[in-house]
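2 protein chains.
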Amino acid sequence: MEQRISLVTLGVTDVARSRAFYERLGWRGQEVEETVFFQAGGLALVLWGRDKLAADVGVDDSGAGGFGGMTLAQNVQSRVEVDELLAAAEAAGAEVTRPARETFYGGYAGCFADPDGHVWEIAWNPGFPLAPDGTLTVPDFGTA
Amino acid sequence: MEQRISLVTLGVTDVARSRAFYERLGWRGQEVEETVFFQAGGLALVLWGRDKLAADVGVDDSGAGGFGGMTLAQNVQSRVEVDELLAAAEAAGAEVTRPARETFYGGYAGCFADPDGHVWEIAWNPGFPLAPDGTLTVPDFGTA
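Going down the list, the sequences are from chains B and Z. Residue numbers for the first sequence follow this note's numbering, so the first one is 1 and each next one is one higher. Residue numbers for the second sequence follow this note's numbering, so the first one is 1001 and each next one is one higher.
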């Protein structure tokens, strides 16, 4: 299996509501058959009805909601961008689940949850090289 | 907010077990402070204790487990690769949650769940251009 991800799909309650949220944050995508595709670097972020997603992948959805055990992160180039982006997310209707603060690794980060509770961490991490095109490189920790 | 994802973090019960699973599939990463980082194209796939992840992002984890409402997909270049990869995942200990089959969009895809229930769809989708380096491009659907 190659080490890459082609799509990240967020199961959502209301595709229009979720799309509007991401559009308020500046994302632009295309909707096809009640599915929204956003180009996100070399992959796609997809919004799709949670019930359809569960059925499609062959799993039962207890509908419990809450924390799903998988989170997304966007690293940015500076502390001030962390603050700005969290403020923008809150203004767009997100819940800030963890205000920005210093991190143990010498960075600065905070988190928000989108309308369906999908969590994004917004981080400035000087230890993880971030190219101008947004490509992130895992540093060589000298471990295996 | 830029349209990109820097990290996808999978909250797991047992980091060593989860790492061993992905290594059986050929992934190679680095472990730092009980966190495993895999370079995955222009982003990182991260394995971290689910309890630590929930605490870090500031959300309660009911511990319900089950479907988390967010899935990953890897698109491949052919039907046979879908079959091969699902077989490899099953051999590595994954549960195939949906055997490979034709899809409504003219492709071929199946799904597996990793040891913590995180779902991957493996898909051959002739409508989504996949570059040799694994970069996926959302096609122009002519919609907005």
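These are computed hints drawn from the structure, not numbers from a lab. Possibly wrong hints are sitting among the right ones.
[Claimed, not checked] A short, non-exhaustive set of chain Z residues, derived as facing chain B with CB atoms under 10 angstroms:
hint	residue
1	PHE1104
2	TYR1108
3	VAL1138
[Stated by the list, open to error] Far from chain B, by Cβ distances over 12 angstroms, these chain Z residues were calculated:
hint	residue
4	ARG1004
5	ARG1024
6	VAL1080
We put the beta carbon where it would ideally sit given N, CA and C, even for glycine.
Results for each hint:
1. Interface hint at PHE1104/Z: satisfied, since its Cβ lies 9 angstroms from the closest Cβ of chain B, which is below the 10 angstroms cut-off.
2. For TYR1108/Z, the interface hint is violated, the least distance from its beta-carbon to any beta-carbon of chain B being 14 angstroms, above 10 angstroms.
3. Below 10 angstroms, beta-carbon pairs count as interface contacts, and VAL1138/Z has one with chain B at about 5 angstroms; its hint therefore holds.
4. Against chain B, the non-interface label of ARG1004/Z is violated: not every CB pair exceeds 12 angstroms, the least being about 4 angstroms.
5. The beta carbon of ARG1024/Z sits about 9 angstroms from the closest Cβ of chain B, which is not more than 12 angstroms, so the claim that it is off the interface is violated.
6. A cut-off of 12 angstroms between C-beta atoms confirms that VAL1080/Z is not in contact with chain B; the least separation is 14 angstroms.
Hints 2, 4 and 5, counting from the list given before, are not met by this structure.
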